[in-house]
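Residue numbers (our numbering), protein chains in the order written: chain A, 20 to 511; chain B, 142 to 366.
Take these hints with a grain of salt, some might be off.
To be verified - Straight-line alpha carbon distances no greater than 25 angstroms define the calculated SDA-like cross-link-like pairs of lysine to any residue that follow: (1) A:K374 to B:E175; (2) B:K311 to B:E343; (3) B:K264 to B:D237; (4) A:K374 to B:E155; (5) B:K264 to B:L351; (6) A:K374 to B:P196; (7) A:K374 to A:M333; (8) B:K340 to B:T283; (9) B:K311 to B:M327; (10) B:K311 to B:G363; (11) A:K374 to B:R197; (12) B:K311 to B:P185.
Claimed, not checked - A few chain A positions that, by computed beta-carbon distances, are all more than 10 angstroms from chain B: (13) A45; (14) V91; (15) P198; (16) G413.
Said to hold, decoys possible - Some chain A residues near chain B, calculated using beta-carbon distances under 10 angstroms: (17) A293; (18) E295; (19) E302; (20) L303; (21) R304; (22) A307; (23) E308; (24) A310; (25) W313; (26) A322; (27) Q328; (28) I329.
The hints are simulated quantities; they were obtained by calculation from the structure and are not laboratory data. The C-beta atom is built at its ideal place from N, Cα and C for all residues, glycine as well.
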Amino acid sequence: MRSIAGRLLLVLGCGLVLLPGAGGAAVYWRARADMVRHLDDGLLARARLLAAFASVDQGRVEFEFDSGPIDVGDGPFEFRSSSGEILRRSPGLEGWTLPAPAGQMPGFGDVQLPGGRAGRAVWLTFDPRAEARDEHDDEPPGAAVSGDEGEVDEAHHPSAAAAGAVEPMIVVAAVDRGPVDAALGALAAALLGAGGVAALGMGVLVLLAVRSGLAPLRRLGAELGGVSGPTISQRFDARDAPRELEPVYRELNRMLERVESALERERAFADAAAHELRTPLAELRATAEVAARWPDLERATAALREILQIGGEMERLVESLLLLSRGQAGSPLPVGLEPVVRGCLARSAGPIGQKRLDLRVDLNAGTLRATPEAVEIIVRNLLDNAVEYTPGGGAIRVSSVPVNGSCALVVENGPVTLAERDLERLFEPFFRADRSRGDRSHAGLGLTVARRVAAVVGLGIEATLEGDRLRVRVWPVDTGAPEDPRRRPATG
Amino acid sequence: MHLLLVEDSRRLQESISQGLQRCGYAVDVAGDGEAGLRFARHNPYDVIVLDLMLPRIDGLEVLRSLRREGNGTHVLILTARDAVDDRVRGLRDGADDYLVKPFAFDELVARIEALVRRRYDAKAPVLCVGPLQVDTTARRVTLDGAEVDLTRREYGLLEYLAFRQGQVVKREQIEDHLYGERDFPMSNAVDRLVCSLRKKIEPAGGERLLRTRRGLGYVLHGEGS
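Chain B on its own, in the form it takes in the complex (with noise of 0.2 angstroms):
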């Protein structure tokens, strides 16, 4: 999953984008509310961690600017306030969840992947597809009862297809949602991932889950499911 992180100050946007990529994301971050907007535009996040109290533009206008140009991405705001009135504006002007500073980062990465779960309608934390289970809680998959042992890119592309599985998805949106905008990634680093993948949800003889659309992208897709 790609998030975009706006917060100004520089220990925060450390240890959140820190701890937000052990736990799998590829987290951009933005220092102030331009960098902020910018960032948004030109990239598809699945969710937003946006302060309020930002350099250049508040995070207030930056979410109003985002969603009068239909910019869709779940938005979660981080701030240190707390008054009532400011929690009511931040989610009329368009937030889909309110974090008072300080927080638990627990929490933060709960609400994140609710986010996450509402942004692909996945109502349950654990994605089945065919015999592989995909625990989105505690990011742990298991085949056909066996817990498969996968990096952290391996394990972030799986929960990518589980959630649009059935779907074709672009190359390029895989590389979107696994790299952030500080990450370079080899040309063909979608396709080794995805070999070393399938080699470890698709042992010898058994089911193909994920399969490759030639010139289109990729598809998890599991019998029965």
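Bound-form chain A, shown alone (with noise of 0.2 angstroms):
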């Protein structure tokens, strides 16, 4: 898994690294630069100086400084002809030899010296003066030089003309740059102090920085720990937290609420249906501990007779319970509502005699869209609540409406006392709106399982109240809502 400070400490120490070097390199080759040119300038400038100080008469050259004391600037220097024979050496130059021109002139290179020193060096091709014995011997011998290249000015010399054809020269001036090397490395160590410095007092702030700010994340890992069962009510403080994080905390509050939401429905479905075994479990097993208790043969078989019947009521619970809780689908066929109907009231027949209940079946020949054991599930629910709810003498009705080119199942019961309010909570686990029935052989679940495997299946049921008649619809979903202004849709 890779960790938010982990990149975030790798680019900046890159960045805190790169960047100050790359600009302290820049600093340091500009300085450099800007030191070697101005160098080069002043070898440049001592070059043409020497050079002015260099004459040719009658085929023989001459230097100026030779007869009397010339100020040449420090540093070692050569003459040389074209041919590359050394005309003239400084002093300190003895049995040195200064490296040939190579390249444009003038030119500029890293030469050594003597004693093995570092050195810079220009070098300069001119023409020398040519002496003619005339009116200009008294010029001074700087006026024979111009141009950057040094070239003799040919104009301002007219005498060098007649002094017949010269032989161009080249001058090498070299100097010391012990100076300015010491200067670049003082400079280099300087950048490399401050940088090294610098990077290191950045990277410890950046480090502070990326804990500091990645604290929110560490404190809110802590607090999502600490999320159990008996602490799902609370919810995350988020006043404190950096803005970045809010929709976060928002987002994990309304996942909270949600979750907390989903748990309480499945405690109240848990404790619903733990109380609706409870009195079934009360009731086998007082029974059964009377009839043991005064045993007679008569009580025996009638306790029997109970417990089997409760046996049974529990097992349709427990089925029940567990539909709710899978609602697998299979694949959608026409089922023909008129035997399932009919084998569903076979069964209620007892109750349906028992209760005088005026029964009226009009099918006429309709489908539902599902699979059979669905349609099963949910006629018998819907019949089974219509019989348990509909008090003695009163009617149920089943017929098939046409919808929109489908047909939907009505189930009609009453009259019965329910009221509007009661029809929202209708589908509900274990509601029952009227409890004065002591038979318990319905635990409230018929219409919660008749709507959830609807839903897996996709149709749809919705109750109304018609007067004191209760009216349930099932219609497939993809023919759209029966066209009722009343209705209370019950879909999954």
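Using the supplied hints, reconstruct the complex from the two chains, each of which is provided in its own coordinate frame.
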């Protein structure tokens, strides 16, 4: 798993090393170039000055500084002929030869000076002044040199032509570059030192900033780790959280609300299921205990019959609970309602007869597109519910009606004592609007199971009140809702 | 002893009432809170066994109504609600005991017996009236150590009189405690029951324990008791 802190430290660390390093290098190279250029400018000026002191008189090269004390600057120099012959050499260069010129003139380059010292040199080609013994003998030597290349300007020396052709010469001027290198070394050391200290300081700051910046995430992680069943109702306090984490806190709190709501529903369902199971268990136990304590054949037979019945009811209750938790779907196909309804009504013939219910079935060969098992479960629960909650002498009507090219099943029963507000809770688990019946063969799960199963196979269920009659309709959802302004949709 | 069972489960009504009747109790049964409240108001029950989730009127509301009206009958709540909050609420609203379904029938009977003893301020389960000993737990009666064979009604009468020994008990009170709402005893049923009981606990030449106070009722009293 990637670490945010690791990635931040890697990127920021690289930035902290590379950017100041590149900046320092740029400063160093710029300073070095300026200093070398400055050095080269001085060397070139000195070379030109030296060239101005050279002259040719009747084929013989003469240097004015030989005739008197003339300041030609510090540093070694050489004069060469165009063929490379050393014509003149400064006193410090005895026994030492400066490198031959290469490339364009004037040329600059690093050289080694006597004693192994590093130096900088300039090579300059020039035409020496031709000496004509005339009225110009008294002109200062520097007046014979003009232009950047140090070439001799014949317009100013008309005597040169008269003196005949003059071979060009090369002057090499060198300087010890030790001071420049020392300055550059000091600059580099200063840059490296300052850069290192700055990088170290920035590294510490970045480390602290990353740790501090990620602290809210660590705190959130710890808070999330503390969420458990007993604390599920608590919410994350985003007041002190950074703005960037506010949506995270908001969504987490929403998620906790959803989880808490789901847990609450599960808990309520489990409580209700446990409660519903306790009563038949109590019946089972009390019946068995009383029969066992005062045994006689008649009582034992009646008790066994009761126990068998209770077992069947508990089995149906457990099946209903399993159906609610599973909700499996199969391949839908048109399922004829008539045989399913007839079969379910046959099973309820006893209570229907005992209650003298007015039963009417008008299905017109209607079908529902679903799985046969789902239709069986839905129809059975709707009819069981109708028979259960219709008082003696009441009426039940089962019919099919066309809905947008398909068919809907309608089960009506009445009179019922339901109110409009009860319709909202009619499909909730274990809801019983009227608990006045002592018979607990129905746990209040029938309509809940019917709704859950209907939703799985693409059927909708709605309940409406028509006066004192409850009307429950089942229709394929893909055909659209049935036309009834008072409907209470109950699809899953 | 006369009990009222307020329970909406038909099967529990039948099994509990049958079992309690076998134990010698007269049991009235109400299937909803409204009927239970009406029964409790008009009959001097020794113990009321009350379910909570009842049709028409909730069990707790029945209990609160009785207590508001000053009815001090001992109430045992018998319910599937097992949460601590439910138990605390039931006891604080005036119940004397709380039993969660499913339950053991023996435990139900034992708790009812305990409440009956509390009703008559009897701490011990064995009541002594002179040479007579009534074991209310084993429902066994001995006279000078010898077991006395009594019918269910005779035992119920003796137990009731033993709980109130020394007190004059009216015939109507005996009827109320021995017969349920669905029993229709003959007018002289109590006299005949007293007569048959007297024959069994007062052998010839023995101590007279059950005396008749003409115009008032009966009193069970033993020498030294």
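If you take the shortest Cβ to Cβ gap from A307 of chain A to chain B, is it below 10 angstroms? A307 of chain A check passes; min Cβ-Cβ to chain B is 9 angstroms, inside 10 angstroms.
Does the claim that V91 of chain A lies outside the interface with chain B hold up, using a Cβ gap greater than 10 angstroms? holds (113 angstroms)
Satisfaction of the E295 of chain A interface hint, Cβ to chain B closer than 10 angstroms: holds (8 angstroms)
Mind checking the CB of W313 of chain A against every CB in chain B and telling me if the closest is under 10 angstroms? OK, holds: W313 of chain A within 10 angstroms of chain B, min 5 angstroms.
Satisfaction of hint between T283 of chain B and K340 of chain B, Cα-Cα up to 25 angstroms: holds (14 angstroms)
Are the Cα positions of K374 of chain A and M333 of chain A separated by 25 angstroms at most? holds (24 angstroms)
Holds or violated: the hint that A322 of chain A contacts chain B, with Cβ atoms closer than 10 angstroms. Check passed: Cβ of A322 of chain A comes within 8 angstroms of chain B, closer than 10 angstroms.
Does K311 of chain B pair with M327 of chain B here, judged by a C-alpha cut-off of 25 angstroms? Given pair K311 of chain B, M327 of chain B holds - Cα atoms ~16 angstroms apart, limit 25 angstroms.
Proposed proximity, P185 of chain B with K311 of chain B (alpha carbon, max 25 angstroms): holds (13 angstroms)
Could you check if A310 of chain A really has its C-beta closer than 10 angstroms to a C-beta on chain B? Hint on A310 of chain A: holds, closest Cβ of chain B at ~8 angstroms, below 10 angstroms.
Taking the least C-beta to C-beta distance, is A293 of chain A closer than 10 angstroms to chain B? holds (8 angstroms)
L303 of chain A as chain B interface residue, shortest Cβ-Cβ below 10 angstroms: OK, holds: L303 of chain A within 10 angstroms of chain B, min 7 angstroms.
Violated hints are absent here; each numbered hint is respected by the structure.
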